[in-house]
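A.B. asks: Residue strings, one per chain:
2 protein chains.
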Amino acid sequence: MKKLLTTALSTCLAAFLYAQQPPKPPVSYTDALSLNLIGQVFPLKKSYHRIDTAVYADFSAGIKRLLTNGAGLAISFKTNSPRITAKWCVTNARPHNNMTPIADKGLDLYIKRNGKWEFAGVGRADAVCNEFVIVQNMDRTEKECLLYLPLYDEVRSLSVGVDSGYQLTPGEDPFPKRVVVYGSSVTQGASASRPGMAYPARLSREMGVHFLNLGLSGSGKMERNVADMLATAKADAFVLDCFANPSPEQIKERTAYLVKTIRKMHPDAPIVMIQSIIRQSGNFDSTVRRLVERQNENTLKQYEQLKKDGIQRLYLIRGEDLLGNDHEGATDGIHPNDLGFDRMLQVIRPEMIRILKSNQVIK
Amino acid sequence: MKKLLTTALSTCLAAFLYAQQPPKPPVSYTDALSLNLIGQVFPLKKSYHRIDTAVYADFSAGIKRLLTNGAGLAISFKTNSPRITAKWCVTNARPHNNMTPIADKGLDLYIKRNGKWEFAGVGRADAVCNEFVIVQNMDRTEKECLLYLPLYDEVRSLSVGVDSGYQLTPGEDPFPKRVVVYGSSVTQGASASRPGMAYPARLSREMGVHFLNLGLSGSGKMERNVADMLATAKADAFVLDCFANPSPEQIKERTAYLVKTIRKMHPDAPIVMIQSIIRQSGNFDSTVRRLVERQNENTLKQYEQLKKDGIQRLYLIRGEDLLGNDHEGATDGIHPNDLGFDRMLQVIRPEMIRILKSNQVIK
Numbered sequence: 005m006k007k008l009l010t011t012a013l014s015t016c017l018a019a020f021l022y023a024q025q026p027p028k029p030p031v032s033y034t035d036a037l038s039l040n041l042i043g044q045v046f047p048l049k050k051s052y053h054r055i056d057t058a059v060y061a062d063f064s065a066g067i068k069r070l071l072t073n074g075a076g077l078a079i080s081f082k083t084n085s086p087r088i089t090a091k092w093c094v095t096n097a098r099p100h101n102n103m104t105p106i107a108d109k110g111l112d113l114y115i116k117r118n119g120k121w122e123f124a125g126v127g128r129a130d131a132v133c134n135e136f137v138i139v140q141n142m143d144r145t146e147k148e149c150l151l152y153l154p155l156y157d158e159v160r161s162l163s164v165g166v167d168s169g170y171q172l173t174p175g176e177d178p179f180p181k182r183v184v185v186y187g188s189s190v191t192q193g194a195s196a197s198r199p200g201m202a203y204p205a206r207l208s209r210e211m212g213v214h215f216l217n218l219g220l221s222g223s224g225k226m227e228r229n230v231a232d233m234l235a236t237a238k239a240d241a242f243v244l245d246c247f248a249n250p251s252p253e254q255i256k257e258r259t260a261y262l263v264k265t266i267r268k269m270h271p272d273a274p275i276v277m278i279q280s281i282i283r284q285s286g287n288f289d290s291t292v293r294r295l296v297e298r299q300n301e302n303t304l305k306q307y308e309q310l311k312k313d314g315i316q317r318l319y320l321i322r323g324e325d326l327l328g329n330d331h332e333g334a335t336d337g338i339h340p341n342d343l344g345f346d347r348m349l350q351v352i353r354p355e356m357i358r359i360l361k362s363n364q365v366i367k
Numbered sequence: 005m006k007k008l009l010t011t012a013l014s015t016c017l018a019a020f021l022y023a024q025q026p027p028k029p030p031v032s033y034t035d036a037l038s039l040n041l042i043g044q045v046f047p048l049k050k051s052y053h054r055i056d057t058a059v060y061a062d063f064s065a066g067i068k069r070l071l072t073n074g075a076g077l078a079i080s081f082k083t084n085s086p087r088i089t090a091k092w093c094v095t096n097a098r099p100h101n102n103m104t105p106i107a108d109k110g111l112d113l114y115i116k117r118n119g120k121w122e123f124a125g126v127g128r129a130d131a132v133c134n135e136f137v138i139v140q141n142m143d144r145t146e147k148e149c150l151l152y153l154p155l156y157d158e159v160r161s162l163s164v165g166v167d168s169g170y171q172l173t174p175g176e177d178p179f180p181k182r183v184v185v186y187g188s189s190v191t192q193g194a195s196a197s198r199p200g201m202a203y204p205a206r207l208s209r210e211m212g213v214h215f216l217n218l219g220l221s222g223s224g225k226m227e228r229n230v231a232d233m234l235a236t237a238k239a240d241a242f243v244l245d246c247f248a249n250p251s252p253e254q255i256k257e258r259t260a261y262l263v264k265t266i267r268k269m270h271p272d273a274p275i276v277m278i279q280s281i282i283r284q285s286g287n288f289d290s291t292v293r294r295l296v297e298r299q300n301e302n303t304l305k306q307y308e309q310l311k312k313d314g315i316q317r318l319y320l321i322r323g324e325d326l327l328g329n330d331h332e333g334a335t336d337g338i339h340p341n342d343l344g345f346d347r348m349l350q351v352i353r354p355e356m357i358r359i360l361k362s363n364q365v366i367k
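Protein sequences appear in the order of chains V and G.
Just so we're on the same page, my numbering is the position in the first sequence counted from 1, plus 4.
Just so we're on the same page, my numbering is the position in the second sequence counted from 1, plus 4.
Next comes chain V alone, as it looks inside the complex (with noise of 0.2 Å):
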């Protein structure tokens, strides 16, 4: 009696539901990998990984690691469907404290509206493997979308859903210019909200230039194998934002070897070093305060001596107000939240727009 009792609560419910909005077809899923992957910073265009690491077997197996996270990576398509929905799995890895799981796992929606890309949905990751509405009731104009990759863990299958009878088609790569962002976990996007407000992402968007995300989450520290593999990257500029991770004494034995190679390769291409954030945690923490402050000093006579040495071309972007001054800035005290965030990009992004402008990478 009452199962019966429920089941005909649930029709009353589902022809209530049914009423209230039209049904909507069935939804079609197409492979992501058929659509086109952006944001690497070597054409790998079968896998979600950032970096081919078969290529590079010497690297240690945490940057290994490391490179299969999809931060930075995103799938260019255009769509006419009202709803766009994605299935994806990651991998079992531990969800990160400081992150959400939208960010560390999910997936995130940009549309391109009057020449801006802005936010349209997210993929709500609870498990291994998702199916999420990502967003609906859309007009049915053609769009330019971007759906970024997480963060923090390796995308094992990726499908993008539109509704049957509407088209999906490849994009385009959006942002011509190519910047090599590489870094620490702050580069990799912790502790943005979701994949698409780490800082190189929010710089390509709002620059127009793509900011290839090589942030390594602790372990950006500029080892001579990695530092070999960036020079020979295909790029109108280099951001070093790895001065977090390495000790002091590594900061003052990598850094002219790395800024060096690069210059090598690329003789004309500005390289961009920016200091360490200030930690948070060591707003009361003197042993934390003095570790960062000596990366800093010690970032800062890397940069001051490869000057002398004759190295053009060459800019620094100071790390102390990076994340203002009231100490919010942070989530874990570490890792900027996008209060953070938000800040880094106001001392950065104009910054980055006078140093391309000023080597005519960008007009």
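In case anyone wonders, no lab produced these hints; they're calculated from the structure.
Each hint should be verified, as a subset may be incorrect.
Claimed, not checked - Straight-line distance between alpha carbons at most 16 Å, and here's what the computed EDC-like set of lysine to aspartate or glutamate pairs gives:
| # | chain 1 | residue 1 | chain 2 | residue 2 |
| --- | --- | --- | --- | --- |
| 1 | G | Lys116 | V | Asp232 |
| 2 | G | Lys361 | G | Glu210 |
| 3 | V | Lys116 | G | Asp330 |
| 4 | G | Lys50 | G | Asp35 |
| 5 | G | Lys120 | V | Asp330 |
| 6 | V | Lys268 | V | Glu210 |
| 7 | G | Lys82 | G | Glu210 |
| 8 | V | Lys120 | G | Asp330 |
| 9 | V | Lys147 | V | Asp177 |
| 10 | V | Lys120 | V | Glu148 |
| 11 | G | Lys116 | G | Glu146 |
| 12 | V | Lys68 | V | Asp56 |
Given chain V, put chain G in place with the hints provided.
C.D. replies: Same frame as chain V, now just chain G:
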């Protein structure tokens, strides 16, 4: 042999670390309930719930569960210990995909310095029960501390640890005036990056007035029994940020009862209605956009009708610009990220200062 080698290596590593820094004294733990738990609307000193729901037996099960969450509660204490740690247990409730585990189930410490509350460290939550060093290597002056509880989970137990031999005593409630904030998930703190970044907590620290968090995620719907409870609160003012959860029809039916019931018990208290933030998922989804427009139209109409009915000291803060206009201020299309909350504060804070000053609640 392998085991022997591992042991030898561990011993070497321990010796190395030991040489790096002097050994710390053992930690001495104190049950946080013997310190000063602040932020409850009604005193409830032996529980980390926001409201004693046994007193309000007719509240819905959903509201009762939400009232067990720690949003807005904090432990006030004083210590001169160079290190502060915590041990705490929450429930095994599924983590929210739009929040960091630190915000959802973790802790957030602020320390007063030069008259201002400044971020000091977090308690990272990776399990049901956690132990974490929140901050260390501090100077040994006595400090006033506020340890915020998890926004979206129930604290089952909590102990604060300091180095043995240092004092740990209850602190005062630093915020003498009391503003009850009744609202939705946005009020409760989704999706702030950590507990102290929920907007009522930020308002409290920045204004020196206690904004008591009665945000009820998804359930801030102005039911009569909730209105009756709110009206009995000891408060200097009320903020009604509860227009995102009810349907437009419910806003029409319920707002007058809520406002008039509060007014009857508090003839002089300012009552501030805040329209819903704009849902960023409605940026392209016309159904969502229209829903929020209708909620905010009806909120405005109710406000105007109540003013016509002669309700004095009633104020309205408009919703349109609360998250800015670049659509980057939300985590999941609904809930503000820290950038969105910061933008909300830029509108709400000066309005609240003006309103509380003009009503002699603050000078």
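A.B. asks: Enumerate the violated hints, using their earlier numbering and listing them in ascending order.
C.D. replies: 1, 6 and 7
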